[in-house]
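In order, the protein sequence lines correspond to chains A and B.
According to the numbering used here, numbering within the first sequence proceeds without interruption in unit steps and concludes at 243.
According to the numbering used here, numbering within the second sequence proceeds without interruption in unit steps and concludes at 597.
Source of the hints: derived by calculation from the structure; they are not laboratory data.
A portion of the hints provided could be inaccurate.
What the hints assert, rightly or not - Sample of chain B residues at the chain A side, in silico, Cβ under 8 angstroms:
#1 207
#2 211
#3 216
#4 411
Please read these numbers as outputs of a predicted model, since none were measured by experiment.
Glycine included, each C-beta is placed from N, C-alpha and C at the ideal position.
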Amino acid sequence: MVDLPRTDPGAGISRPAGWEGIVADWSSDQRAFKNVSWGKAMMWIFLLSDTFIFSCFLLSYMTVRMSTVEPWPNPSEVFALNIGGRHIPLILIAIMTFILISSSGTMAMAVNFGYRRDRLRTAILMLATALLGATFVGMQAFEWSKLIAEGVRPWGNPWGAAQFGSSFFMITGFHGTHVSIGVIFLIIMARKAWRGDFDRERRGFFTSRKGNYEVVEITGLYWHFVDLVWVFIFALFYLW
Amino acid sequence: MTDDTSNVIQSLSVAEVADVELYHPKSWITKYVFSQDAKIIAIQYSITALSIGLVALVMSWLMRLQLGFPGLLSFIDADSYYQFMTMHGMIMVIYLLTALFLGGFGNYLIPLMLGARDMVFPYVNMLSYWVYLLAVLVLVASFFVPGGPTGAGWTLYPPQAILATTPGKQWGIIVMLVSLMLFIVGFTMGGLNYVVTVLQGRTRGMTLLRMPLTVWGIFTATVLALLAFPALFVGSVMMLLDRVIGTSFFMPAIVSMGEQLPYGGGSPILFQHLFWFFGHPEVYIVALPAFGIISDLISTHARKNIFGYRMMVWALVAIGALSFLVWAHHMYVSGMHPAFGYFFATTTLIIAIPTAIKVYNWVLTLWRGDIHLTVPMLYALAFIVTFVNGGLTGLFLGNVVVDVPLSDTMFVVAHFHMVMGIAPIFAIFGGIYHWYPKVTGRLLSDTLGKLHFWVTFLGAYAIFFPLHYVGLMGVPRRYYEMGEMAFVPPSTATLNAFITVVALIVGAAQLVFVFNLVRSLRRGRPAGGNPWGATTLEWQTPQTPPGHGNWGKTLPVAYRWAYDYSVPGAAQDFLPQNQPPVPRTA
Ligand code: HEM
Ligand SMILES: [Cu+2]
Chain A
4 MVDLPRTDPG AGISRPAGWE GIVADWSSDQ RAFKNVSWGK AMMWIFLLSD
54 TFIFSCFLLS YMTVRMSTVE PWPNPSEVFA LNIGGRHIPL ILIAIMTFIL
104 ISSSGTMAMA VNFGYRRDRL RTAILMLATA LLGATFVGMQ AFEWSKLIAE
154 GVRPWGNPWG AAQFGSSFFM ITGFHGTHVS IGVIFLIIMA RKAWRGDFDR
204 ERRGFFTSRK GNYEVVEITG LYWHFVDLVW VFIFALFYLW
Chain B
12 MTDDTSNVIQ SLSVAEVADV ELYHPKSWIT KYVFSQDAKI IAIQYSITAL
62 SIGLVALVMS WLMRLQLGFP GLLSFIDADS YYQFMTMHGM IMVIYLLTAL
112 FLGGFGNYLI PLMLGARDMV FPYVNMLSYW VYLLAVLVLV ASFFVPGGPT
162 GAGWTLYPPQ AILATTPGKQ WGIIVMLVSL MLFIVGFTMG GLNYVVTVLQ
212 GRTRGMTLLR MPLTVWGIFT ATVLALLAFP ALFVGSVMML LDRVIGTSFF
262 MPAIVSMGEQ LPYGGGSPIL FQHLFWFFGH PEVYIVALPA FGIISDLIST
312 HARKNIFGYR MMVWALVAIG ALSFLVWAHH MYVSGMHPAF GYFFATTTLI
362 IAIPTAIKVY NWVLTLWRGD IHLTVPMLYA LAFIVTFVNG GLTGLFLGNV
412 VVDVPLSDTM FVVAHFHMVM GIAPIFAIFG GIYHWYPKVT GRLLSDTLGK
462 LHFWVTFLGA YAIFFPLHYV GLMGVPRRYY EMGEMAFVPP STATLNAFIT
512 VVALIVGAAQ LVFVFNLVRS LRRGRPAGGN PWGATTLEWQ TPQTPPGHGN
562 WGKTLPVAYR WAYDYSVPGA AQDFLPQNQP PVPRTA
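Could you build the full structure based on these sequences and the hints that come with them?
Dropping the structure here:
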């Protein structure tokens, strides 16, 4: 589905005006979103559904933060590191956030090179994205182990409300799983790009559909989404 | 609609997407077992859903026996009553109705009605079924784990769902939550396919506003499901954590059986919000496909175009959107602020408007129609009656002041069985009698069908109509026996016994249906391609049952809407959607 024929508006169709026109356009023949491939449409709708999942998680976190009777631990203290004798609040998270946002940049470049059919650069940039993602997950693992060593558990912690640990592990765990899945997919897709599957339209192993460079963009959509979600987690859990 | 066909031919745009390449099965296994063909997947979904539905039916008999003749069956104690009740409710709502409407009817009808070759991503679609099957198997496994299935009620409210006094607290609740999560994952794979196929995979000429209402109903319901299931998923994750590793998302500080539990600070109400943010749209997930199916059955079997097609579409969409704004009407007795009660009562009553529009339009479609009382039509009529009935008691329960005394009585049970139990089941039966000839090439036996219909319809009324009175008398819901409740008059016992007898008869009638399904496979009258003289594309396939890829070499083109019945001046009393208009020569 690389070279989709551009939509032909068709000669001589009487186009209704105003609201009727809007309805007619949206409900038009064959496709509601013109020149959007099936895969891309599917990813967008999946992400919409996933947005609801993360929203529910975050709203639940806010609710238990209000319902608990014990004080909420201060995140900037909990997530501080001592580096070179200096006590720096939130430093690790700041670095993690920076890394993840940078990976969105390399991803966007990979998409760009993909559409230029630059096999190698696409693959390398996707691998770079995967590497940044893996670094993020690694630092997350470090953070988890640090907190666990300090006595934070999902069911309790030394500083106050048990829901702090519960929400922290649950939400970052769920997000980290998303990142990890993204990393795996990036590696698989990078391999395909590298091998030239997208140039030769080689068929997928499971789906038996022809491969093409748009897959890079679809993977990118997912990746940007995971980054965006992180911004919300960062703002609502760490900064609040 | 007929008069704008004149410019149809010129407005037919070129094909925007190249014809789909399908996966061509090479072996029996990939053709019939791990099949990527939506039609096979649909049949797999339907058979699985109906089978697990029978389990739920059997559990309703057991419950009814206990309610009608307390103590008759010695193996039903309070614990097992709750377990039957929970499994019955959960299976009926999710594993039967949701799976059958979306996985079954959706898979079969969406590609065929839209003139597509298959779903957009057949492989993912296949996975959807297998994950669903896994969810069902995990659910069934809960009958065999130590302690049995959970008895928390289908609403699974914490804290009781995970406390030691609730049956199934050891494993049942864990297995239930895992099964639900699997179901949601499996459904999402299918649901994405249904939505994208509708939005992006239609044939030429098939605008959204020419789609049969069945597809509109299934489509809207799928969108609802994709946005509502996340709340249940999150709720399940958190409850699983509460149960397994001892977090306190939903658990307040609590003393159980004289012991202070290690929980504290969680919010049980939070679960109720998550559950009903899913649970209310769920009602419409099973109702909207039923609305769509009924619209098509009525139009076809009354040989009349559907009254107010666009209004019907807007009503579906409006109901779908509103259904996300009413969830807390299930929580009037949770102690919420009266202002919220006011808000949610208002939104609830507003939904009655688009719903009433639909009912009026069905009735106006029937008005002066050429009504053929075929079995599908009988079920369609029964649906309207039952749905209106359940909807009216819904107006009672939607108002806070009326709901508070009625809440948790059998009145509620009667209400929701009418509106979301029996009515959608009627739509399913109607749909099966209607489309079985397309799926198998043979008609179901009419005599057996009518027998099945009358026993089921009259029986369902005999069961659930008196149940309203039982509820008004004060009989509470989810009670294994009445015990010392002096305020419940003894006459309700007589009613309860009557209800139980009818329930058993209705149950037996379902075996007639199953027998009919199996028998007609071989012995049914050959149906031909279009036994009902219907307009929609699935009846115009070159083969019946439709072959792999549905349409042979060329895809059909839709020239008109789906409801050209009894068009004046036409040769037949229906014009199929793919019949080109006669160019006007004036
Ligand atoms: C003839 C058919 C049916 C009979 C005789 C029947 C009977 C019952 C009975 C006796 C209860 C328990 C009431 C109580 O003690 O509170 C119940 C609960 C329930 N039923 Fe049915 N039922 C039938 C069909 C259905 C269908 C088709 C659905 C699909 C929506 C359904 C959904 C439920 C639900 C959601 C509950 C509530 C479970 C709970 O309280 O947790 N039932 N039914
Ligand atoms: Cu509701």
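Right, here's what the structure says about each hint:
| no. | hint | result |
| --- | --- | --- |
| 1 | 207 | 5 angstroms, holds |
| 2 | 211 | 5 angstroms, holds |
| 3 | 216 | 6 angstroms, holds |
| 4 | 411 | 23 angstroms, violated |
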